[in-house]
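*Asks:* Please put together the full structure from these sequences, using the hints given.
Residue numbers (our numbering): 6 to 380.
To be clear, the hints were calculated from the coordinates, so they are not data collected in a lab. Hints should not be assumed to be uniformly reliable.
Claimed, not checked - DSBU-like mimics (lysine-lysine), calculated; alpha carbons at most 35 Å apart, straight line:
#1 Lys115 x Lys28
#2 Lys204 x Lys194
#3 Lys373 x Lys204
#4 Lys204 x Lys35
#5 Lys373 x Lys194
#6 Lys194 x Lys352
#7 Lys352 x Lys115
#8 Lys352 x Lys35
#9 Lys115 x Lys35
#10 Lys28 x Lys194
#11 Lys194 x Lys35
#12 Lys204 x Lys28
#13 Lys352 x Lys195
#14 Lys373 x Lys35
To be verified - Quick list of simulated restraints, FRET-style, between CB atoms:
#15 Ile141 x Glu333: 25 to 35 Å
#16 Pro140 x Ser71: 32 to 42 Å
#17 Ser360 x Pro140: 45 to 55 Å
Even for Gly, the Cβ is constructed at its ideal location relative to N, Cα and C.
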Amino acid sequence: MSSEQDLCIVSHPLGNGGGTALKSLLRVIKPNADPSVVVLGEYTPENDGIELTSVGSEYGNQGIISTVCIFLLNQIRLARHLASRPEETVLFFGATTYLLPILVARAVGKTVAVEPRGHLARSLYFEFRDRLPDPIARALSAMVYILDRTGMVIANYVITLSPGMASDLGLDPTSPTVLPNGAWDVDHKKFSIVNPPAKRERTIAFIGRFEPEKGIDRMVTITDAISSETTVRFIGDGSGRELIERELHEPINTGQVIIDGWVDHDELPNLLNQCRLLVVPSRTEGLPTTILEAFACGVSAAATPVAGIPDIVHDEETGIHINSDTPERTAERIDQLLESEYIELGKSGRDLVESEYTFQQAVDRYEKIIETICT
Numbered sequence: 006m007s008s009e010q011d012l013c014i015v016s017h018p019l020g021n022g023g024g025t026a027l028k029s030l031l032r033v034i035k036p037n038a039d040p041s042v043v044v045l046g047e048y049t050p051e052n053d054g055i056e057l058t059s060v061g062s063e064y065g066n067q068g069i070i071s072t073v074c075i076f077l078l079n080q081i082r083l084a085r086h087l088a089s090r091p092e093e094t095v096l097f098f099g100a101t102t103y104l105l106p107i108l109v110a111r112a113v114g115k116t117v118a119v120e121p122r123g124h125l126a127r128s129l130y131f132e133f134r135d136r137l138p139d140p141i142a143r144a145l146s147a148m149v150y151i152l153d154r155t156g157m158v159i160a161n162y163v164i165t166l167s168p169g170m171a172s173d174l175g176l177d178p179t180s181p182t183v184l185p186n187g188a189w190d191v192d193h194k195k196f197s198i199v200n201p202p203a204k205r206e207r208t209i210a211f212i213g214r215f216e217p218e219k220g221i222d223r224m225v226t227i228t229d230a231i232s233s234e235t236t237v238r239f240i241g242d243g244s245g246r247e248l249i250e251r252e253l254h255e256p257i258n259t260g261q262v263i264i265d266g267w268v269d270h271d272e273l274p275n276l277l278n279q280c281r282l283l284v285v286p287s288r289t290e291g292l293p294t295t296i297l298e299a300f301a302c303g304v305s306a307a308a309t310p311v312a313g314i315p316d317i318v319h320d321e322e323t324g325i326h327i328n329s330d331t332p333e334r335t336a337e338r339i340d341q342l343l344e345s346e347y348i349e350l351g352k353s354g355r356d357l358v359e360s361e362y363t364f365q366q367a368v369d370r371y372e373k374i375i376e377t378i379c380t
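*Replies:* Written out as structure tokens, the structure reads:
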């Protein structure tokens with residue numbers, strides 16, 4: 006594809022790892038296109054040679070009314086900005102609820118594609134219910150779902166990271182307007198096996214935000230029931246940190262449980278090479294890059310089979326599916342797996358990322374996607 010192909014990528018405010026996600030997307034797009042990037046808020050990712058424009062205001066830690074007002078104002082600002090831009094194609098990366106800009110872009114003759122990062126309404130429900138009565142939390146998440154779904158309907162194309170993720174969003178992965186193979190790559194130079202799995206200590210890890218949508222409460226229950234011979238590392242942070250410290254204070258004091266907090270992405274390969282298993286008890290997901298990075302390091306995964314997870318965690322092949330309703334049985338199964346099975350499962354996971362998630366394969370996938378949305 007010619008580098009002169011017009012493409013504008015719009016990204017929502019980039020907290021909670023969004024900057025890393027945007028960089029991953031740009032890395033596999035740039036060999037086939039020369040995109041400009043519009044970011045809502047003040048975040049500035051380091052992407053050499055990429056035109057970057059900040060529009061609108063960040064949300065910060067505002068109340069719900071203030072957040073809604075900023076959201077509406079950002080829609081107006083973004084719609085006006087996109088109407089004046091020269092690019093013929095606009096890709097809304099994660100910003101699938103920005104209905105007014107999507108409508109305006111379509112109205113002025115642009116081709117619109119949206120690429121959701123997960124089931125937004127479901128994620129927000131778990132966030133809302135911690136602060137609001139359940140009926141209000143459900144009502145607000147339903148409104149978000151309507152916005153999100155309407156944006157996908159209005160768009161010319163919807164890009165998802167995997168077919169399972171498309172199905173989880175209520176989309177037909179075989180539809181010509183759904184492009185269900187938008188998975189990125191894994192950096193095989195950074196994420197690789199340095200410490201052979203057979204030589205690793207009996208250690209498992211939870212990596213990500215300590216939030217209900219990520220199943221942090223489930224992870225705490227699993228940890229409480231797991232063998233005392235197993236070390237559990239919590240890598241990340243969030244509102245669930247207090248829960249971890251309260252419910253697991255004894256194993257924290259003995260060193261069985263370690264809270265690492267957020268670590269630099271460059272440090273993650275070293276931590277993964279100390280682990281036998283990654284536990285992902287999420288209630289909602291997209292296609293977790295963390296699982297693929299773990300696979301590249303020879304780490305198998307125990308994960309709830311939601312959204313795109315079954316596309317990569319093949320039960321009893323590259324990992325195991327866990328039942329969120331039986332954490333004690335999950336802990337027992339993990340203890341069994343850590344005896345020896347983890348080595349073969351980790352090898353199968355490594356084979357999967359080497360065969361399907363290389364940089365060139367991701368570039369080829371996005372070459373086809375860009376040819377489709379920019380034609």
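*Asks:* Next, verify each hint and record whether it holds.
*Replies:* Against the structure, the hints come out as follows:
1. Lys115 x Lys28: This hinted pair holds, its Cα atoms lying about 24 Å apart.
2. Lys204 x Lys194: Holds - the C-alpha atoms of Lys194 and Lys204 are around 21 Å apart, at most 35 Å.
3. Lys373 x Lys204: With a Cα-Cα distance of about 42 Å, the restraint between Lys373 and Lys204 is violated, given a limit of 35 Å.
4. Lys204 x Lys35: The given pair, whose Cα atoms are some 39 Å apart, is violated under the 35 Å limit.
5. Lys373 x Lys194: With a Cα-Cα distance of about 25 Å, the restraint between Lys373 and Lys194 holds, given a limit of 35 Å.
6. Lys194 x Lys352: Roughly 17 Å separates the two Cα atoms, so the pair holds.
7. Lys352 x Lys115: Distance ~45 Å between Lys352 and Lys115 Cα, so the pair is violated.
8. Lys352 x Lys35: The given pair, whose Cα atoms are some 31 Å apart, holds under the 35 Å limit.
9. Lys115 x Lys35: It holds: about 20 Å lies between the C-alpha atoms, which stays within 35 Å.
10. Lys28 x Lys194: holds, 17 Å
11. Lys194 x Lys35: holds, 20 Å
12. Lys204 x Lys28: Roughly 34 Å between the alpha carbons, so the hint for Lys204 and Lys28 holds.
13. Lys352 x Lys195: Measuring from Cα to Cα gives roughly 17 Å; hence the hint holds.
14. Lys373 x Lys35: Measuring from Cα to Cα gives roughly 13 Å; hence the hint holds.
15. Ile141 x Glu333: 25 to 35 Å: Between Ile141 and Glu333, where Cβ atoms are some 33 Å apart, the hint holds.
16. Pro140 x Ser71: 32 to 42 Å: For Ser71 against Pro140, whose Cβ atoms are near 22 Å apart, the range 32 to 42 Å is violated.
17. Ser360 x Pro140: 45 to 55 Å: holds, 47 Å
Consistency note: the structure conflicts with the earlier hints numbered 3, 4, 7 and 16.
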